[in-house]
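> Once you've looked at the hints, dock chain W against the given chain B.
The listed protein sequences correspond, in order, to chains B and W.
Following numbering that gives the first Met the number 0, the residues of the first sequence are numbered contiguously, the last one being 458.
Following numbering that gives the first Met the number 0, the residues of the second sequence are numbered contiguously, the last one being 1069.
Quick caveat, the hints were computed from the structure, so don't treat them as lab data.
These figures come from a predicted structure and were not determined experimentally.
By construction, the Cβ of each residue, glycine as well, lies at the ideal position given by its N, Cα and C atoms.
Warning: the hint list may mix true and false statements.
Some chain B residues flagged as far from chain W (calculated, every beta-carbon gap over 12 Å) [stated by the list, open to error]:
id : residue
1  : Thr286
2  : Gln369
3  : Arg377
Within a straight-line C-alpha distance of at most 25 Å, the following computed PhoX-like cross-link-like pairs (lysine-lysine) qualify [unchecked claim]:
id : chain 1 : residue 1 : chain 2 : residue 2
4  : W       : Lys412    : W       : Lys62
5  : W       : Lys264    : W       : Lys92
6  : W       : Lys391    : W       : Lys278
7  : B       : Lys22     : W       : Lys702
8  : W       : Lys673    : W       : Lys62
9  : W       : Lys728    : B       : Lys22
10 : B       : Lys103    : W       : Lys567
11 : W       : Lys620    : B       : Lys22
12 : W       : Lys908    : W       : Lys728
13 : W       : Lys92     : W       : Lys673
14 : W       : Lys1031   : B       : Lys22
15 : B       : Lys3      : W       : Lys567
Chain by chain, the residues:
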Amino acid sequence: MKTKLLYISILSVLLSSCTGLVKGINDDPNDLTTSEIDAGLYINTPEVNSILIHCGDPLRKAEMWSGQLVGVTQTYLTDYKYQVTENSFDGYQSVIAQTQYIRKAAPTNKLYQGICRVLEAYLFGTYASLYGDVPCSEVASGIDNPVFDSQKSVFSYCQTMLDEAIDSLKSVSSVSYRQDYIFNGDPTKWYETAYTLKARFYMLTKDYDKAYAAALNGISTSSNSMKFTPLTDNLTTNKNRFWYINNLNEALTTDGSYLMTLMSSRQNSKTDETARMAYYTIYTSATKNKGIAASTEPQRMITYEENLLTLAESALRTQADGFNIALALLNKLRIYLANGGCVNSNFLTKSYKYDAYDVDDFKAGGIENQDGSLTAERALLREIIQERYVSCFTTYIPFDDARRLRGSDESDVSISIPLNTSTATKQIERFLYPADEITGNTNAPADPGLYSPTSVNSK
Amino acid sequence: MRKCFILSFFALLFAAHTSSIAQTKQEKILVLSGNRQRIITGSVVDSNNQPLIGVSIVLLGSKIGTITDLDGKFSLQFPTNEGALVFSYLGLKRQTVVVKSNTKDIVVKMEDNANTLDNVIVTAIGKTVSYDKSGITASVFDVNKIKSSGSTTLLNDMAGKASGVKISSPNSDPGSGSTIIIRGANTFFGESQPLVIIDGVPMSNSYNAGSEGNNVTQQSRLNDIDPNDIQSLQILKGASAAAVWGSRAANGVIVITTKDGVRGKKPTIVYSYTKSFDKISFRHPIQSAYGQGTGGKWSNSTNYSWGDKISDRSGAEDVYSTTSGYFVAESGKVYYPITAKNSKKTYVDSNFDAVFQTGTFDQHDISISGGNERATYFFSYGALNQSGIVRKSSYDKQNFRLNATYRYNDWLKMNSKVIYIFSRSNRVQTNGETSTGLLLGLLRNPADFDIRDYKGTYVDPSGVEYTNRQRMYRNVIGANEKPTYSNPLWVINEISSISKINRFIYTPEVLLDPLPWLNVTLRGGLDYFTDDRDVFYPTGTAYYDGRYVQDTYNNKELNFDGIVRATKHLSRNILLTGTIGYNINDKELIYNDNVITPFEVASSTPSTSLISNNAYSSWSKTIVHTRSNRFYVLADLELLNQIYFSGTGMWEAASTIANTHFYPSANIAWQFNKYLHSDILSFGKIRASWGQVGTQPEPYKNKTLATTANSDFGGSYAVSGEQGNNNLKPEIKTEWEVGTDLRFFNDRANFKITYYSNKIKDLLFDATLNSSTGYTSRYTNAGKMENHGIEADLSYDIVKSKDWNVNVGLNFNNNKNKVTSLGGTGIVALGGSSYAVEGYSMGVLYRPGSLRDKDGKLILAKNGFPQLDSSGNKYLGDPNPDWKGGLTLSVSYKKLDFSLQLDHAQGGKFLNRTLMTLYGFGTHRDTAHELTLTEDLYNYAGTLYAAGSIVRGNVGNFGGGNVLLDESWYNGIGGGLGTNKVHDLYIKDNTWTKLRNISIGYTIDNAWFRANTKLSSVRISVTGRDLITWSKQIGVDPESNYYGVSNAQGMDYFSSPASKSVLFNVQITY
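Next up, chain B with everything else stripped away, as it sits in the complex (with noise of 0.2 Å):
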């Protein structure tokens, strides 16, 4: 027995001793591992990837498919008449997996812990917004086949995850800090963005009370809007989205869509949208672009426009005194607008006009509700919605608000957006998941196909 142990220790100790001979040799001496670098580092390339996500592909055609963009080439025209091309998870790797090593990484940088959060949930968000279930726990956790979470649930977490940020961020004093692409170290900035980031997912799961409850921290001035800054050097890849693509395929246009439609129909004694409108028009020969759609024209991801308008809305539903509370915001947002706040200084000698309106503009006859087929608290809310749908434009919100208020059915406020092509007999309600996930993931559920309305947006 003796021996026998004997024998056992010399051999363990002669394996203990290969394994200690190759050891450190296969660290790699040609590259750098995560860990060699600071975590704040990496921070603009959740930033920088979020920006190309939320301003890029899904963004193009959930504004093609509300109305607001037409496609006229390739694969642009294809999604505008519904001839789905593929879609990608790849803010998963780009954002997710960049965002839960940082957090890792630097776990008591609070400034770092707070935007990673807030650039999480944005993402998260988004992607159950437009695809319903979607693998959200489980994601870059080391699982080959994450669960797709119910988009409920992803929309809790992610009110979770922008609680968690609210509070990182509260307690960082402002800093300027070059590696933070979007908003150069202002918490401030980032959490007055989660606010709005929160009412924005409130309102898709039709929690009005507390999307206004939310809001009212929300972006408190236009300076403070997400936005995406385009560079001003001589590169083109770093530029307005819009501009970028239409640089290299003369693809995007809004002539034609039915947000130039609605706007033109907008001119009223207060209201005079020739400013905006210009202001708005993209041009399919990118050098054309002035307005939204210039070379280095910034854009819009989540806007003071935005927060002002939920705050209307969801107040008028929720609110004692919503119609007035409502009123007011909205005169808010016209008196931002009459300032020029909107458009870019190329449009300024335009006309334009934002008066204010006031609670007979609403009732029976009023320049608002002029068929008198609405009560004022309508006639008001069907204002605040097409108010969303303009001010929003280059967003979300106009394809979110489509299908939330198709899902409660009130057509009675929402746009009447048309179709895009003669054949088509409904309205696009969500993504469809890109197929490499769907083949790959053995978690990944059957595609309920573009017209099956989300669980938020099911009646």
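Showing chain W alone in chain B's frame:
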């Protein structure tokens, strides 16, 4: 058909043999008698009656033994009354001498072991064992046949000589590497070539494609070894034999032993000189009937040769434009752009001759060997000067070797082997899909364009001169600084690709025999080489604005083995040899890649001053360092002198592998002939073995790396999409085999047959991950593959008499490979058209093809033409042969000898994309037929040609009636450039037979000659290599491979051509 032929040929030889058995029966066991003395003395001589020193003499069944001294004498304390002494010496036939009670003095004459198959083998740890007493399979190569094979590279010399070993040379570029596949493919992306063990130490056989990819076929480092230095060469094919090398042995092990001097022998000087003449063996047939142009009209602004019929031209002078610039060639000749082509001159042959030549090489080898009673030495020097069949391609190599041994006393011996190799070669860009490829430019060139005067000065219409411009058929006056591809003469003369090797291998060894039953081996090894490559593309080259690449490889491999071996008789009939060993191996490759581009100056001098701005240069450095160490235990058991069991357990820790891995193996052999007292069967053994070997993961895949991202936005770091995997295991191959070794008619016929079957699991590749994992791919153990097959080798001395010797040999292998799992990925691209697809052999061809129904029938378009299947790549065929076989014949009459070797591959598929592309270009012979239609026919474009029309093309039929295959088809989906082509219609069976070798020689060593010249012998021989190939491929060697040294195979695309040679050799021994 061919199989039948070979079988009947062999049957005939067999019948012829039986008459000559009786006279050649040899007495192997000598029965001697003598008195009852306890000390036995004697002497041992070789076949020339020269004393043999160092012959091992062992009393059978004991460990009592001795070795012969300087005079070949020995004396031995003989403990028993009677017994048998076994005399053995490497390379000579082992003899057993029965000692009776009265035996006193013994004289033994040991004979050369003509039949190598029953020779000793060297195991994976460098120990010699008798093949007859082993359960492993090994192919032992006849070193003399390797030397006389007529190639300058060791690898190619080994081709076709053993079953189950497929060695194919992708092309004939001097010194180029070759692919060795033993018993089928074992890995997708891991090391695909066998481990080479030279004198007990691993030697790098790396093939570094480098920055130029497979445009240039680089050398194989095994070719640094001079075949003249080799004493023995064998391949351990099975997993059981190779298991001690664990994760490096999945592809088999090549074991090479180099020569030593002989103790007590006077200096022997051997000088050998070989002169070779090499010619291109396959030429793509190029037409001379039609000129440059399209649609039957001459034009020099197109890349095609679908122009006018040259014989219809007037034959007058061409008409030039003198106002649109001109080209002044270096010869002084002025070229203006032609506006009307009248000349009937064609240049197909002169263009070819400007590029190709009769290649030659001169190989000188001299060796001096000898020794005294304590020391031996073997010194050799070899020099090779080769000019390839492509002009300017060259390979010059010099090698020095000194192998020395010194015996201090009875228990301590030291060996030292040192080799230094220097080589320099110019590796012309001959290969494949590069705009600077030689064949690409030559074969696409129209018949009516003369490629000479390729370099000169372009003068533009305003009189501005541009020097160092290139003229080619798409750049007729050099107006374009960068033509689409290059004139072949520009490639040869202006582009250089120099590779310089300095290599040093040192193997010191200490052998200790402290106790009669115990010996210890301590062996070190250093293999160090540098490969400096200078690739220069001057301005004026296609594609590049000047490019100068300097790649340097620094490769160092250090190895140490400690082996302790003990032998013990457990009982009278049981002999146990136990071995424990430890090995540590450390490999480091440092690779620097420096590039300067674009040049600011149009100079043709390779200089780093061609740029003034450092922004135009780049540097990358890559270090690849791996280390492994292993501890192993071997037990060899001999039972009753007839059953031989061997078991190995090896624990390996390697830097690339997460945990220590255990590799077991076992084999058993039984010599059953002792129970069959047959006159026909002189030896019989059955054997079985089982073992595991592996392939190491790539280094540095264990951690997720940081990459850079979004440089357009100022740059940031990102977590790479490739997820690190810190749980990597080696790819494990588990193989079992059973076989038998039989010898008949007193060992004149020798037959080996083995069935093997292996399963490889945990194959590594980059598996695509679900996006939701947060990563795009992970290098992971996920694939499974298997091989099985039969290997058979037969050698038969049909005639063996004093004057006549006739031997015939056959070998056969039918490896079947199948990829059984790709871990859900379904398909893995191996490179180019080569894929691993679940359920198919590895490396199947996968490309777009024609639209077919479920039964594989073509779905034709309305005029009877096939359609392209737009769904993308599809399975086209399996390039792996159904079986491979070889036949050797050796005949000698007195001092005259003759030998030949045939190599055959049956089945397998080949895609000749060169031919497809040339069809599109209209330069291929097959496109130059002029037809008078006998019926109305549609062409691919849908034009109807009435009966009686004279057209250029061919009549085809895809099952929907005759159609006209003309320019519109060959440049449509039926050929030409691009990937969307009906490749399946060009897949061809790749059965081939090669006359690898045919040789005749004469040796002069008679007494008169020796007395009058003081020389021992002179031998002269003539050898033909690859002189005849029977193949269905047009214009290309069936073994040609666009992918070079790679697992991918079965396709040609403007690959470098193969060659055939005639060699003259003279060898003088002093």
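> Each of the hints needs a verdict: does it hold here or not?
Going through the hints against the structure:
no.: 1; hint: Thr286; result: holds (20 Å)
no.: 2; hint: Gln369; result: holds (49 Å)
no.: 3; hint: Arg377; result: holds (42 Å)
no.: 4; hint: W:Lys412 - W:Lys62; result: holds (19 Å)
no.: 5; hint: W:Lys264 - W:Lys92; result: holds (20 Å)
no.: 6; hint: W:Lys391 - W:Lys278; result: holds (15 Å)
no.: 7; hint: B:Lys22 - W:Lys702; result: holds (14 Å)
no.: 8; hint: W:Lys673 - W:Lys62; result: holds (23 Å)
no.: 9; hint: W:Lys728 - B:Lys22; result: holds (16 Å)
no.: 10; hint: B:Lys103 - W:Lys567; result: violated (61 Å)
no.: 11; hint: W:Lys620 - B:Lys22; result: holds (23 Å)
no.: 12; hint: W:Lys908 - W:Lys728; result: violated (34 Å)
no.: 13; hint: W:Lys92 - W:Lys673; result: holds (20 Å)
no.: 14; hint: W:Lys1031 - B:Lys22; result: violated (54 Å)
no.: 15; hint: B:Lys3 - W:Lys567; result: holds (21 Å)
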